[in-house]
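Student: Here is how the chains run, residue by residue.
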Amino acid sequence: MRNLLPILTVVAVILGLWYLAVGPMNFRLALDAATRGGADVTPATPDEQGQTGLIRLMLDNPDVMPAAYAFERPRLPQPQDVVSEIYENTIGLARRCEWQGFGAERDNWSPLSDGCLRVIENRRSLIFHAWQTLAPTLLGFAIGTGLGILLAVGIVYNRTMDLSVMPWAIASQTIPILAIAPMVIVVLNAVGIQGLLPKSLISSYLSFFPVVVGMVKGLRSPGAMDLDLLRTYSASGAQEFWKLRLPSSLPYLFASLKIGIAAALVGTIVAELPTGARFGLGSRLLTGSYYGQTVQIWAALIMAAVCAALLVWVIGVVEKRTLTRLGLVR
Amino acid sequence: MIKAQGLNLVFQTNDGPVHALKDVDLEIDKGEFVSFIGPSGCGKTTFLRCVAALETPTGGSLTVNGMTPDEARRNRAYGYVFQAAGLYPWRTIAGNIKLPLEIMGYSRSDQDERVKNVLELVDLEGFGRKYPWQLSGGMQQRASIARALAFDADILLMDEPFGALDEIVRDHLNEQLLELWARTDKTIGFVTHSIPEAVYLSTKIVVMSPRPGRITDIIDSPLPKERPLDIRDTPEFLAIAHRVREGLRAGHAYDD
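Quick mapping for you: the protein sequence lines, in order, are chains A and B.
Start counting the first sequence at 1; every next residue gets the next number (our numbering).
Start counting the second sequence at 1; every next residue gets the next number (our numbering).
Just so you know, these hints were derived from the structure itself, not from any lab.
Since we're looking at a predicted model, the values are computed, not measured.
Check before you lean on any hint, since a few could be wrong.
What the hints assert, rightly or not - With a straight-line Cα cutoff of 30 Å, these simulated DSBU-like cross-link-like pairs (lysine-lysine) come out: (1) B:K225 <-> A:K243; (2) B:K116 <-> B:K22; (3) B:K186 <-> A:K243.
Claimed, not checked - Quick list of simulated restraints, FRET-style, between CB atoms: (4) B:S107 <-> A:V10: 56 to 66 Å; (5) A:V318 <-> B:S61: 33 to 43 Å; (6) A:R325 <-> B:S61: 15 to 25 Å; (7) B:S107 <-> A:T160: 51 to 61 Å; (8) A:V306 <-> B:Q176: 51 to 61 Å.
Every residue gets a Cβ at the ideal spot worked out from N, C-alpha and C, and that includes glycine.
Using the sequences provided together with the hints, build the complete structure.
Tutor: Take a look at the structure:
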């Protein structure tokens with residue numbers, strides 16, 4: 001991969017900045033703990049500490065800094081703590097599954113061993129939760145893309161839809177998903193639709209809009225000359241669609257799909273938050289915040305980011321292959 | 001074959017009406033090669049588009065093969081070649097030539113045979129499986145001409161097809177176009193900016209001028225049908241070119 005080195009460089013810079021930020025972010029908490037422990041701090045009382053600026057506090061009490069880095073329930077955990085938490089809940093769990101009595105204890109670990117299969121079922125593992133979020137994301141993305149393409153075709157070919165649909169589509173995106181997600185799930189459960197579909201519908205709600213916008217632009221992208229050429233052949237509307245408009249719209253479609261899939265993932269996680277979901281990355285965020293386990297929150301966050309990056313990367317690969325075969329990009 | 005009488009076309013624009021064509025009277029007989037030449041805005045492309053039923057005249061009459069241009073379009077009476085090749089990058093050259101054939105409903109075997117014949121006509125044999133971006137500009141334009149010839153239309157309408165190409169390629173393509181015309185015996189309407197090109201290719205030259213778009217002169221070329229490139233240095237050729245230039249000057253093409 002040509003861009004491996006730049007990506008690693010950026011990741012290293014981000015990790016560096018993260019590490020630098022841990023101390024200042026946890027400083028006030030550490031200072032508070034030190035004050036309670038009776039140490040010598042400037043200024044002495046919590047009231048005065050609350051009034052003093054952070055930089056002043058850090059300069060006056062440099063010996064509290066190591067404690068800020070080692071703080072047990074930090075506001076911002078250290079990168080290595082988050083990474084080890086992720087490891088513990090994915091690969092680490094797989095290695096330990098054997099030890100919990102499901103089979104003979106084995107030291108060597110392979111992807112095909114029993115322990116790894118269990119990781120996806122184990123309720124403690126991040127992979128299980130990630131899949132609980134990814135499944136409705138993928139389904140919602142498919143629904144949203146299908147709906148978006150249908151709407152776009154309608155907008156391009158029907159004057160009434162052209163004038164009326166877009167404002168409603170835009171308005172639909174301004175309603176906070178956080179507010180309507182519980183309503184949607186309750187209503188759908190009452191009608192008997194449970195499980196995967198309600199989450200998928202909320203996810204599709206967020207992902208259809210980029211597809212509509214992108215496809216409308218793409219379907220309208222052929223120039224006057226191309227359209228005139230088809231007129232000289234007396235081509236019908238359907239022939240024009242399949243032979244010219246649809247192939248021309250593919251670059252725009254893929255751009256929208258990348259946005260759409262990220263939006264679908266966000267939609268699923270947001271759908272999990274207010275509805276008290278028991279499984280999924282959103283639910284991990286929730287339980288982490290209920291029990292004050294910041295490391296758990298951050299681990300779920302990073303996992304979600306990794307999932308989003310993977311999904312967008314997969315679409316990028318499909319895009320490159322398809323568009324190169326169609327000669328639309330070289 | 002193509003008959004225009006008192007043809008008028010007025011465009012309504014934001015700046016007021018634009019008289020693109022005014023009282024155009026022209027007859028083009030079967031087998032002729034007619035060039036339209038004039039400065040920008042003189043209506044030559046507009047006239048061609050009227051014949052192709054891509055524009056609607058606002059006055060006068062225009063018949064193609066005895067029918068209205070719209071009926072002629074539906075009868076597939078002509079093929080149109082644009083200034084840019086306009087080939088689809090997701091289709092091979094053969095696929096591009098098959099585009100009109102697919103739309104018009106020819107059978108698969110028919111399509112393959114026509115593609116083969118027409119590629120041979122424009123000297124692009126063996127290039128059927130290549131993609132447009134693998135071909136040079138001149139070859140792409142030849143493929144575009146092949147596409148216009150694929151469905152046996154009697155009339156070929158060409159709107160500055162060689163305008164984007166350099167002079168050497170142009171000369172070569174001019175020669176090839178004349179050979180093509182001799183072999184297929186089509187009626188060709190050709191819009192150009194180049195005086196030598198117009199005089200070299202045509203049997204009839206229509207000189208037009210702008211504001212309003214009208215015909216200034218119609219020149220029947222006395223040059224023989226068989227023309228080598230060297231004919232451009234002969235005095236007869238220069239005399240016709242001179243007459244064209246006079247026509248352009250009379251139409252204020254060279255004024256500010």
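Student: For every hint, state whether the structure bears it out.
Tutor: Taking the hints in turn, this is what the structure says about them:
A distance of roughly 40 Å separates the Cα atoms of K225 (chain B) and K243 (chain A); the hinted pair therefore is violated under the 30 Å criterion. Distance check on the hinted pair: K116 (chain B) and K22 (chain B) sit about 43 Å apart at the alpha-carbon level, beyond 30 Å; violated. Of the supplied pair hints, the one linking K186 (chain B) and K243 (chain A) holds, its CA atoms being roughly 28 Å apart against a limit of 30 Å. Checked against the given bound of 56 to 66 Å, the beta carbons of S107 (chain B) and V10 (chain A), roughly 57 Å apart, stay inside it.
Our hint of 33 to 43 Å for V318 (chain A) and S61 (chain B) is violated, since their Cβ atoms are close to 55 Å apart. For the pair R325 (chain A) and S61 (chain B), the beta carbons lie near 49 Å from each other, so the given range of 15 to 25 Å is not met. Restraint check, S107 (chain B) to T160 (chain A): a C-beta distance of roughly 39 Å breaks the suggested window 51 to 61 Å. Under the hint 51 to 61 Å, the C-beta atoms of V306 (chain A) and Q176 (chain B), about 59 Å apart, fit the expected range.
Violated hints, listed in ascending order, are 1, 2, 5, 6, 7; each of the other numbered hints is respected by the structure.
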